[in-house]
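Colleague: For the protein sequence lines, the chains are A and B, in the order given. Going by this note's numbering, the first residue of the first sequence is number 1424, and it counts up by one from there. Going by this note's numbering, the first residue of the second sequence is number 1424, and it counts up by one from there.
Incorrect hints may have been included.
The list cannot tell twin chains apart, which means a pair is met if one copy fits it or any two copies do.
Calculated cross-link-like contacts (lysine-lysine; reagent style DSBU-like; alpha-carbon spacing at most 30 Å) [to be verified]:
{"hint": "1", "residue 1": "Lys1818", "residue 2": "Lys1748"}
{"hint": "2", "residue 1": "Lys1818", "residue 2": "Lys1770"}
{"hint": "3", "residue 1": "Lys1818", "residue 2": "Lys1545"}
{"hint": "4", "residue 1": "Lys1628", "residue 2": "Lys1748"}
{"hint": "5", "residue 1": "Lys1821", "residue 2": "Lys1628"}
{"hint": "6", "residue 1": "Lys1591", "residue 2": "Lys1770"}
{"hint": "7", "residue 1": "Lys1545", "residue 2": "Lys1636"}
{"hint": "8", "residue 1": "Lys1636", "residue 2": "Lys1748"}
{"hint": "9", "residue 1": "Lys1628", "residue 2": "Lys1770"}
{"hint": "10", "residue 1": "Lys1821", "residue 2": "Lys1748"}
{"hint": "11", "residue 1": "Lys1591", "residue 2": "Lys1818"}
{"hint": "12", "residue 1": "Lys1770", "residue 2": "Lys1631"}
{"hint": "13", "residue 1": "Lys1748", "residue 2": "Lys1631"}
To be clear, the hints were calculated from the coordinates, so they are not data collected in a lab.
Protein chains: 2
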Amino acid sequence: MSTPRATKVTPLSGFPEYLPEQRIVEQHFIDVIRSTFELHGFPSIETRAVEPVERLLGKGGDADKEIYGIHRLAAEDEGGAAGGSREGDLGLHFDLTVPFARYVVENAGRLSFPFRRHQIQKVWRGERPQEGRYREFTQCDIDVVDTGELAPHFEAEMPLVMAEIFAKLPIPPMVIQVNNRKIPEGFYRGLGIDDVAGTLRVVDKLDKIGPDKVAAQLVEAGRTPEQAQAVLDLASIRTQDTSFVEQVRTLGVEHPVLDEGLAALAAVIETGAAAAPGAMVADLRIARGLDYYTGTVYETQLIGHESWGSFCSGGRYDELASDGKNTYPGVGISIGLSRLLGLLLGKGLVGASRKTPSAVLVAVTDEGSRPASVAAATALRARGIPCEVAPVAAKFGKQIRFAERRGIPYVWFPGATEGGGDQVKDIRSGEQVDADAATWQCPAEDLRPQVVALT
Amino acid sequence: MSTPRATKVTPLSGFPEYLPEQRIVEQHFIDVIRSTFELHGFPSIETRAVEPVERLLGKGGDADKEIYGIHRLAAEDEGGAAGGSREGDLGLHFDLTVPFARYVVENAGRLSFPFRRHQIQKVWRGERPQEGRYREFTQCDIDVVDTGELAPHFEAEMPLVMAEIFAKLPIPPMVIQVNNRKIPEGFYRGLGIDDVAGTLRVVDKLDKIGPDKVAAQLVEAGRTPEQAQAVLDLASIRTQDTSFVEQVRTLGVEHPVLDEGLAALAAVIETGAAAAPGAMVADLRIARGLDYYTGTVYETQLIGHESWGSFCSGGRYDELASDGKNTYPGVGISIGLSRLLGLLLGKGLVGASRKTPSAVLVAVTDEGSRPASVAAATALRARGIPCEVAPVAAKFGKQIRFAERRGIPYVWFPGATEGGGDQVKDIRSGEQVDADAATWQCPAEDLRPQVVALT
């Protein structure tokens, strides 16, 4: 609560806000994501919005371009120093992995390992806003971490959770692209290429610049035309089953790290094909720019909207965190919810059936009988039917239009029958029938706003 | 996702974080609050975390002591100016009312009035942390706003929504204290006291300094001893029904504004007594410090923990916002969730029955048969039963202890019978029975973690 104010209002670029009917879509997505995470035994945690800037910068030191620091306004007045006290230099988190790693180390003695958790929170980045890229946005992460060693079967489990979520959401079909960093690494080494990271960085540009330019850049960087061609051949392999192994073998390159990678990816794809046919592909082009992935990596394409990029990415890292005593390897995957919703809502591809949770508007005959309307609403709510009472005892036509504007499907009329009984009208069909607030069944599909794909 | 890092971890005072089992309690509270808000037809909105500092400071200009400004770290390097670019001076919101008022004005053309909404979000204040007072905390608000005029029946509706929530939560009984600002205003004017605000400010100290000191301060401020006594007499009135009207009349003070206030409060209390007996009291001492309340005001006491202060407060304001053309009156009430939970969890008064959503741990006989365990888990999840597969094919005793440590009530054994059928063990009773993952019914009370009052 604070004082009212009359200054002019300004939307802030990169800080999206939704109307109630759009927020209903977002809540539906979050509800599906959370309940599926919970079905798979991932408890929720939330971390504070701020971390020490030092921790946010991390080893790389590169992330600082995106970080929002915070400062107490009052400290400027008190301290006199320009910029004021920086609260030991705190900043807003820019992802959920850095805070999660800190949380694991901080609470290691009170958590049971392997520790699985989900986390659905806002993060902030000071980047230049553009379509589908925001300064404030919501991420939905799952990770499993262990101490010392992490069993490889978790690498197959992660994308299956996501595939289940995508199948439940009113969105175009998604495909999860899976690779294993050891495949390109072993393959390149087998080819005699030592600069694995540099080669991966060039291959990562395939979508943007195409194979010819990638080949040219590889040759420029000192690879032979034959090496460049082999690198492109590997990147072109994409299979729904484990036949990628045979296709790689046909390229005639040998290396023990390659063998390890092929076996690991085959295990993930085999589990995936059994549990969710068609949801995953082995795609040997997927590299993920981030250096710290050490095994399986994931990206995701929305079929028909491949140019929108990946909405769900992650991978395996041998060292999520370390506290001197223990090292914590992990595997995680994250949905970029705001990116996905921003595009779907922006293109009108998804929508809600109404603007309010209310399934019923209880009409008010006259202000004197408002208590009867409140009593009917109370009886409906007691049985889980969301409703509200009309704000004014206006003419019934006006009260019906009030419901119509919000998409509320039913209007309830207390004491509408000659005998003083209630009636309920489905305002879509116009059908009005006798009803009792203590027993009336609201059709299941009308109980909550429906969130559906639009085309 | 970001790079791993190994720097030391430090809890931050005023930024509380929960363990998974505590977060389950918080989620349960939020779920009950949200679903009850929705039952009463309040759709959700979320507003961005930041507002222009100018808007946060508002007319009063007093709030700045608490505001966190944000700044892009990168701007410091780029701009050179100490403190860097302040992004047009943005700050983190310190409540949900200021952003809601801005949202209403910004979207007025796209909202239907009277507009009701709920909002459950984190807010930030740079205050000195203490027990139950944080720098990052969650508020749960409902408000109704209209253009021009707001019907008074909404003032009776707000506390009833909260009473329903309190009744559903595993907490000590709560009582909502209601007053109407017009009662003290009219009463003071009828007594010949013109400085209404100054008198209210002194009366507001009753809980802290007691009636004798309040009387002394009133006399010091120029009131007669008789006026001071009458002011104290009014503040001492507290009734569950509308008998407060008669008690005020007995004091013999007359004023038209007093009549208005008494009638308004009587209507709220009458509605409350009918719908939720015992949940509300008329308490004529409640003043609410904030100047902008103009009618009904609410505070809340947790019975047996009155010293903890109010967890749920609000009131009616004639001008929530204004955009030059329109003025938006509103009424709202807000739960201070972090304060409430911080104290309940801190005192061990509430807890969850387990640390994970998983109701079942599916055991793994040996790594070769992991697919059978995954298949059983998939079948259980398909019917809404949260479960996870054991991380290692350890001895069954060890797998059972894994479940025990997390409070998971059931362990599932695929292929445990001679015929190759599955069995399930309730590890609390030790009872193990034949079961089929396609049909087994998980008892409803075990499906989700239970959140219960502890004593």
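Colleague: If the cut is 30 Å between Cα atoms, do Lys1628 and Lys1770 qualify within a copy, between copies, both or neither?
Modeller: The answer is within: 27 Å in one copy meets 30 Å, while 56 Å across copies does not.
Colleague: When no copy is specified for Lys1591 and Lys1818, does a C-alpha distance of 30 Å or less occur within a copy, between copies, both, or neither?
Modeller: Neither. Shortest intra-copy (42 Å) and inter-copy (36 Å) distances fail the 30 Å Cα cut-off.
Colleague: Within a copy, between copies, both or neither: where do Lys1748 and Lys1631 come within 30 Å Cα-Cα?
Modeller: The answer is neither: 43 Å in one copy and 50 Å across copies each exceed 30 Å.
Colleague: Go through the copies and call it for Lys1821 and Lys1628: within, between, both or neither, with a Cα cutoff of 30 Å.
Modeller: Answer is neither: 59 Å inside a copy and 48 Å across each miss the 30 Å cutoff.
Colleague: Checking Lys1628 and Lys1748: alpha-carbon separation at most 30 Å within a copy, between copies, both or neither?
Modeller: neither (39 Å within a copy, 53 Å between copies)
Colleague: Between copies, within a copy, both or neither: which fits Lys1818 and Lys1545 at Cα up to 30 Å?
Modeller: Intra 45 Å, inter 41 Å, cutoff 30 Å: neither.
Colleague: State whether the alpha carbon distance between Lys1545 and Lys1636 is at most 30 Å within one copy, between copies, both, or neither.
Modeller: neither (38 Å within a copy, 48 Å between copies)
Colleague: Please sort Lys1818 with Lys1748 into within, between, both or neither, judging by C-alpha distance up to 30 Å.
Modeller: between (74 Å within a copy, 27 Å between copies)
Colleague: For Lys1770 and Lys1631, with the copy left unspecified, which applies at a CA distance of at most 30 Å: within, between, both, or neither?
Modeller: within (23 Å within a copy, 57 Å between copies)
Colleague: Given identical chains, is Lys1636 near Lys1748, meaning Cα to Cα at most 30 Å, within a copy, between copies, both, or neither?
Modeller: neither (46 Å within a copy, 59 Å between copies)
Colleague: How would you classify Lys1818 and Lys1770 at a CA-CA limit of 30 Å: within, between, both, or neither?
Modeller: neither (38 Å within a copy, 53 Å between copies)
Colleague: Using 30 Å as the alpha carbon limit, work out where Lys1591 and Lys1770 are close: within a copy, between copies, both or neither.
Modeller: Within. Shortest intra-copy distance 20 Å satisfies the 30 Å Cα cut-off; inter-copy 40 Å does not.
Checked against the numbered hints above, the structure violates hints 2, 3, 4, 5, 7, 8, 11 and 13; every other hint is satisfied.
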